[in-house]
Amino acid sequence: MKSKNYDYYLIILTSLILLAIGLVCIYGIIYYNFLAVKPEWSSLYAEYIEIMNSYLYPFLVLLLISLGLCIPKRLLGQDILIKSSALILGATLVLTVIFNLEAGLGFILAVMIGIQSMVLIMTFRKSRAVRFEKHGYVVRLGSSLLHLGLVVLIFNFVTLRESPSHILIFWTGTLLITAGTIFALYPDRITRLWYTEQ
Amino acid sequence: MGFSEYLAARDFLTFIGQPVITYILIFSLLQGFFGILYLLKKKYYGYLIKCSYITSGLYVLGFIFLIWFHVQIYNTVVIEYPVFMREMIPADESRFIIPLWIESEKLYFWAMIASILALTVQRREDIVSFTGIVISIFSFIVYFSSNPFIDPLPIVHSEIAGWYSALAQGDAGIYQAAGILYGRITYYYNSTYMWVHPPMLFIAYAFLIITFAACIFMLFRHVQVYDEIAYMYAKPAYILLTVGMLIGYPWAIEAWKDSAWWWDPKISGSILMWALYTSYLHARIYANRGKMWKITASLGIICFSSLVFTYLLTYIVPGIHSVVQT
Chain A
113 MKSKNYDYYL IILTSLILLA IGLVCIYGII YYNFLAVKPE WSSLYAEYIE IMNSYLYPFL
173 VLLLISLGLC IPKRLLGQDI LIKSSALILG ATLVLTVIFN LEAGLGFILA VMIGIQSMVL
233 IMTFRKSRAV RFEKHGYVVR LGSSLLHLGL VVLIFNFVTL RESPSHILIF WTGTLLITAG
293 TIFALYPDRI TRLWYTEQ
Chain B
167 MGFSEYLAAR DFLTFIGQPV ITYILIFSLL QGFFGILYLL KKKYYGYLIK CSYITSGLYV
227 LGFIFLIWFH VQIYNTVVIE YPVFMREMIP ADESRFIIPL WIESEKLYFW AMIASILALT
287 VQRREDIVSF TGIVISIFSF IVYFSSNPFI DPLPIVHSEI AGWYSALAQG DAGIYQAAGI
347 LYGRITYYYN STYMWVHPPM LFIAYAFLII TFAACIFMLF RHVQVYDEIA YMYAKPAYIL
407 LTVGMLIGYP WAIEAWKDSA WWWDPKISGS ILMWALYTSY LHARIYANRG KMWKITASLG
467 IICFSSLVFT YLLTYIVPGI HSVVQT
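Chains A and B supply the protein sequences, listed in that same order. Counting in our numbering, the first sequence runs without a single skipped number right up to 310 at its last residue. Counting in our numbering, the second sequence runs without a single skipped number right up to 492 at its last residue.
Isolated chain A (complex conformation) (with noise of 0.2 Å):
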């Protein structure tokens, strides 16, 4: 498969991972409003979170692979790219069997939190080895935070959430999607700030 259809693909694929995220948010929507009106909606709460993020984690894992097959595609060739996204979804489903989602879905995550970090790294050194679908160092950089913005706050939710640092690794999200997006969506004007300002 081209390079520019495998891309193609890939975000066709994230975009209906997205929509199907979205129906689910749909669903917990009216099941919100079927139990909100039951007068046992208090004890029936913690087991609403429940379902709801048990629906909502396969698709998480689905988009986390995705990014996986997206994040890594800038450090590996196509067959060892596929080769190794299939070794990771493999140890993925072994630990969701053998202990439960949240503890997959934290393996997942940590392999992607450790890869994005590379590709992060590598980007801002400019390495060549890092291939990007898009041009220009800023639309790079960028998308490398924004990924790792995303990633690290996924993990911060499913498996941080009683850990004191909770908070700090949110605003650390937070703030890698912030300057992400922006390096992402205005690479043009953050390129005639940078060398205004050099």
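Don't take every hint at face value.
[Claimed, not checked] Derived DMTMM-like pairs (lysine to aspartate or glutamate); straight-line CA-CA distance at most 20 Å:
1. K423/B <-> E274/A
2. K207/B <-> D292/B
3. K401/B <-> E274/A
4. K423/B <-> E162/A
5. K460/B <-> E394/B
Hints were generated in silico from the structure; no laboratory data involved.
For chain A, the structure is supplied; the task is to place chain B on it using the hints.
Positioned in the frame of chain A, the structure of chain B alone reads:
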């Protein structure tokens, strides 16, 4: 300074604000009328622009009146906590620092920003016409169901009136009223998050009206410039939407603690909206490929529908963000 001064300020706001909102309604209806005429006959664009400027100016004037009223609330209403309570809370007294985007003021704020932003797209006359129609609908709803001048801040008013009534009645009512007000003032009205989270979202919503208009024209006329405009306005909106939504998270933890807020309908709706706009921005990378422009333009319209749906959730579905009681 006290309750009577507060009441006088409230009455004065109604006195000066009602004519302003009435003129907003008149000029925005004219704006909508000329917008329709321009789309049908390509005439009267000059009148449309004049009405747009007058409507925006009036919205800003009304907003200045609202700021004045909020300052008056701060100056006139002081909640002095009973001695017994002062040992339990880190404050002797509180003043209301009421944000300008709560209760009936939030739709006004959104409409005002949308009205101002619509003036920035003047190079596309059809988009100005379309947004003119949207603004006239907005103003109609504001006037008849979310008028911030006719009964200013009804919930805040009932809380303030309740406080002074408790003061008049004596000890028994004061403790309960003070306890409730302390929570409301600290974690809601005066919270830094309240001053950042909602306005970021409302400004994002205003940008997305332009994106919506441009996507409609893109879908029906297929001219590249509409896609560019849609994208141009979606970019700042997406940044504000993402950051604004995220900022709500630590606030929810702080203010709602163990309350039932996770997977609340408004939060589900916001995630739905965010996922759709992310999807739109992703799909747009390939807008020039085959018929992808149709998909992205349609997505832009679906996204805006989800935005309206998310906004309305507050009024139609029970939840912690909601005004509907279970």
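Check whether the Cα positions of K460/B and E394/B lie no farther apart than 20 Å. holds, 14 Å
Run the distance test for K423/B versus E162/A: straight-line Cα separation, threshold 20 Å. holds, 18 Å
Decide if the proposed pair is consistent with the structure: K423/B and E274/A, CA atoms, cutoff 20 Å inclusive. holds, 13 Å
20 Å Cα cutoff - pair K207/B, D292/B: Holds, at about 11 Å.
Restraint check for K401/B with E274/A, where alpha carbons must lie at most 20 Å apart: violated, 34 Å
When held up to the earlier numbered hints, the structure conflicts with hint 3 and nothing else.
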